[in-house]
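> Okay, here's what each chain looks like letter by letter:
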Amino acid sequence: MSFSDIVERIKGVRGVTEVVTSRSALFITATADALKPLAMEIYQIMGGFFRTCIGSDERSINNCFAIYYIFGLDDRGLNIVVKVYADSKKPELPSISDIVPASDWCEMEARDLFGIEFTGRASYRLILPHGWPNGVHPLRKDYSYDSRPVTRAVSERLTLVDTISTVPIGPYHPALHEPEYFELYIEGERVIDVKYRGFHVHRGIEKLGESKLTYQQVNFIAERICGICGFEHSTCYAQVVESAAGIEVPERAKFIRSIVLEIERIHSHLLWVGVVAHLLGYDAGFMHTWRIREHVMTLAELLTGSRKMYGLNLIGGVRRDIDLSKKEKILEVLDTISKEYIELASLMVSIPQVRMRLKGSGVLYKEDARKLSVVGPVARASGLRRDVRKDLPYAAYRYASFNVPVYDDGDNFSRLMVRLDEIKESISIVKQLLDQMPPGPIKVEEFIVPEGVVAISAVEAPRGEDVHFIITGHGRPFRWRVRAPTYQNIPALKHMLKDQPLADAPLTIASIDPCFSCTDRVLVIDSSGSKRTLKLGWGLG
Amino acid sequence: MPNKVIGRSIWVFHLNSGSCNGCDIETLDVLTPYHDAERFGVKLVVSPRHADVVLFTGPITIESLPKVIRALKAMPRPRYIVALGSCAIGGNIWHASYSVVGGVPKLLEILKDEGVNVDGVFYVPGCPIRPESIIYAIALIKGIAKKKVKMKVKKAEP
Amino acid sequence: MKKNPLSLLTIASSKGRVTKRYPFEEPLMTSEFRGKIEIDESKCIGCGACVNACPPNALELLSSSGTKTLRYFIGRCIYCWRCIDVCPVGAIKGTREFELATDDVSDLYELLIHEEAKCSVCNSPYATVRIVRYVATRSPSTEGYVSMDPKCRQEKFVKAIEMRFGGLSA
Chain A
1 MSFSDIVERI KGVRGVTEVV TSRSALFITA TADALKPLAM EIYQIMGGFF
51 RTCIGSDERS INNCFAIYYI FGLDDRGLNI VVKVYADSKK PELPSISDIV
101 PASDWCEMEA RDLFGIEFTG RASYRLILPH GWPNGVHPLR KDYSYDSRPV
151 TRAVSERLTL VDTISTVPIG PYHPALHEPE YFELYIEGER VIDVKYRGFH
201 VHRGIEKLGE SKLTYQQVNF IAERICGICG FEHSTCYAQV VESAAGIEVP
251 ERAKFIRSIV LEIERIHSHL LWVGVVAHLL GYDAGFMHTW RIREHVMTLA
301 ELLTGSRKMY GLNLIGGVRR DIDLSKKEKI LEVLDTISKE YIELASLMVS
351 IPQVRMRLKG SGVLYKEDAR KLSVVGPVAR ASGLRRDVRK DLPYAAYRYA
401 SFNVPVYDDG DNFSRLMVRL DEIKESISIV KQLLDQMPPG PIKVEEFIVP
451 EGVVAISAVE APRGEDVHFI ITGHGRPFRW RVRAPTYQNI PALKHMLKDQ
501 PLADAPLTIA SIDPCFSCTD RVLVIDSSGS KRTLKLGWGL G
Chain B
1 MPNKVIGRSI WVFHLNSGSC NGCDIETLDV LTPYHDAERF GVKLVVSPRH
51 ADVVLFTGPI TIESLPKVIR ALKAMPRPRY IVALGSCAIG GNIWHASYSV
101 VGGVPKLLEI LKDEGVNVDG VFYVPGCPIR PESIIYAIAL IKGIAKKKVK
151 MKVKKAEP
Chain C
1 MKKNPLSLLT IASSKGRVTK RYPFEEPLMT SEFRGKIEID ESKCIGCGAC
51 VNACPPNALE LLSSSGTKTL RYFIGRCIYC WRCIDVCPVG AIKGTREFEL
101 ATDDVSDLYE LLIHEEAKCS VCNSPYATVR IVRYVATRSP STEGYVSMDP
151 KCRQEKFVKA IEMRFGGLSA
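Protein sequences, first through last, are from chains A, B and C. If you use my numbering, the first sequence corresponds to residues 1 to 541, in order. If you use my numbering, the second sequence corresponds to residues 1 to 158, in order. If you use my numbering, the third sequence corresponds to residues 1 to 170, in order.
Please note: incorrect hints may appear among the correct ones.
With a straight-line cut-off of 30 Å between C-alpha atoms, the simulated DSSO-like cross-links for lysine-lysine are [claimed, not checked]:
1) C/K15 <-> A/K424
2) C/K20 <-> A/K326
3) C/K118 <-> B/K148
4) B/K43 <-> C/K93
5) A/K371 <-> A/K359
6) C/K118 <-> A/K443
7) B/K148 <-> C/K36
8) C/K15 <-> A/K431
9) A/K494 <-> B/K67
10) C/K118 <-> B/K154
11) B/K67 <-> A/K498
12) C/K36 <-> A/K327
13) C/K15 <-> B/K152
14) A/K339 <-> C/K43
15) A/K359 <-> A/K339
16) C/K118 <-> A/K424
17) B/K155 <-> C/K118
18) C/K93 <-> B/K155
19) B/K150 <-> C/K15
20) B/K146 <-> C/K156
For the record, the hints were derived by calculation from the structure and aren't laboratory data.
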């Protein structure tokens, strides 16, 4: 199907009122009736993936709520954004979760935070704390950032079923490193169902947008979405603003970003391999992986000034350069880790106990993976070749040649192998980029961000694709939405845990490399303080 | 000689109350070969009932608050809190958001209302904390190191 | 790729001891580390540029009668060093200090008290003495205005225009 065929087919759907094309995205405005046919067309006929949907309170601009649905045609590197309006008095839209199961969570998020109801599906509370009053929606513009209707949440229990035994995992549990609550329903030794209550790490940072937060300051909050893959978030945020404002980032800055992104990926995957070894009871493996990882942490500090939370990105470029001595140090460290880690990794996967625990457990079949639009190593272990670095190249990735490891079994072992292979690829990418790094400036200082521009950007984080969406405002974003990779992957756990032995559950939960702090963030910055009128237009990203 | 707060081996329980993970992985890093906090008898335990000290990370979200209080109630006396990182001390970037309490000093007021006594609090700044910062804090608790920071009031002469 | 599980012992013994004996020896730290900031009280003019740039509000400018206090709360600092980037007089410098643990949260505050200048007309405080001097030395032509608070300054300016052109509406 050619690009013009796609545009024609979309224009042919009844209810589509506007189609705007740009370099890497297709922006569609449609009526609520057209939503289901459009979802059917893009998701099922064109074979697109679902990225996310975003609610937005635009009553100050056009007296409506709006929802933006983002689809991606990965094989041709195209994003499709569908905008649908909902009435300001009684916001209601048809749910597309029957066609696109992956939209389940983000519809509920829009319901919690904006009060938009979705018809034709079961609704439940996803994000706000237990006991939060009905009808209070914190992301509406008329909600003040510092009002706290609940100051003491009460402990809650999910529905208990009497006939089967229930095993609660969390919120504080030795196998979890973050506060999240899983309830496993067990029959004998088999897990028959799973319920999840997350969003303990929902920090909602509207306050900053309301007070002093500027475009540049958001970089640092974006980085603090996650302590493991924070640099991906800040890069993605910087890129989305740069694409909205049409800023040309110097090539050298792009190379530095890519190099640091890959170094972060190495550290993140080594961390994960260590944690999995620990969960298998193989603590020697844990200690040795983390010993190797320490070299990467020290290297990151040398390059950026901090072991984590690099604070390197600004809109328009980066803050620190890589000079010759640092380059030599990078090569030296990469040589050490590639030698030591290959030795250790091949030893680890050859241990029969490790293989037995990982092979065949926590299987996610390809069709389920596609249905839930899972991302990152989880998708690649289930046979889906999805990688933003290849599909929608950003930063300096088009200068590097690398493979995307794909395994077909969908079990925990495949997910381990995908990550082990990716470390090798990352090391080779850093080396290639260091060789080709052009001289020149590392940032542009002068730029203007126009108001009311819609843009999206995606970055491949260690856990999968990370999507940032922005509507620019005056001095700060009007609407900023982050879709973290784990957000897309957690619903897949239900399929992975089903009919598995209970003993494998912690391992399977860990195998998606869950990062709950990313998922729960719901970082939204709103500029409701300003009374300016805003006109919305599509970006050229 | 600085004061020794806990003389014996310190058993710690790690309580994440909505942290970004940065401090948590550095806490874990302290137990790995390069830093090896077990040199000081520090042991990570899996239940607050076994712990002398709770390592506290995160700005305390409203959702996690009741669970945090329950975990602290379960600890035996004397109970110590070590607030790790900017979030746990001052609430970091989210200090005024609608869904966080905003740091251990504010939590202590809530604990007072709940009737939960805390015998001592240590604050370890950093964003995220370096593993060495944690080791320094351990050394402080064990009376090996001396406190270095002190409130400073300076006057700019006009 | 068959390997003997015991070969882990070979790996371990070849690496030897890697543990740093900190606090009894130097920490594993590079020269680039960003630690606590140090505000030079002889240079700071109390302009508030750092306060506007600080993402977590660790630096705050508090006003009280006749003084303006720049408060640095280490316990909220994220060590991004943006304040250093934006300081117009280079009064802030970064250190590699990380040994900041304490048992008392008030140890983590640093205060820098600035005296405020009083308006030459209405005698109300409006800016720090140092920033007034800074502006006056940088642009001597504003000398007539810089000693007044914004309101008096505005009135004087309007009057000056009226004298010259016969009113703003003209």
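> Find the hints from earlier in the document that the structure breaks and name them by number, from lowest to highest.
3, 4, 6, 13, 14, 16, 19, 20
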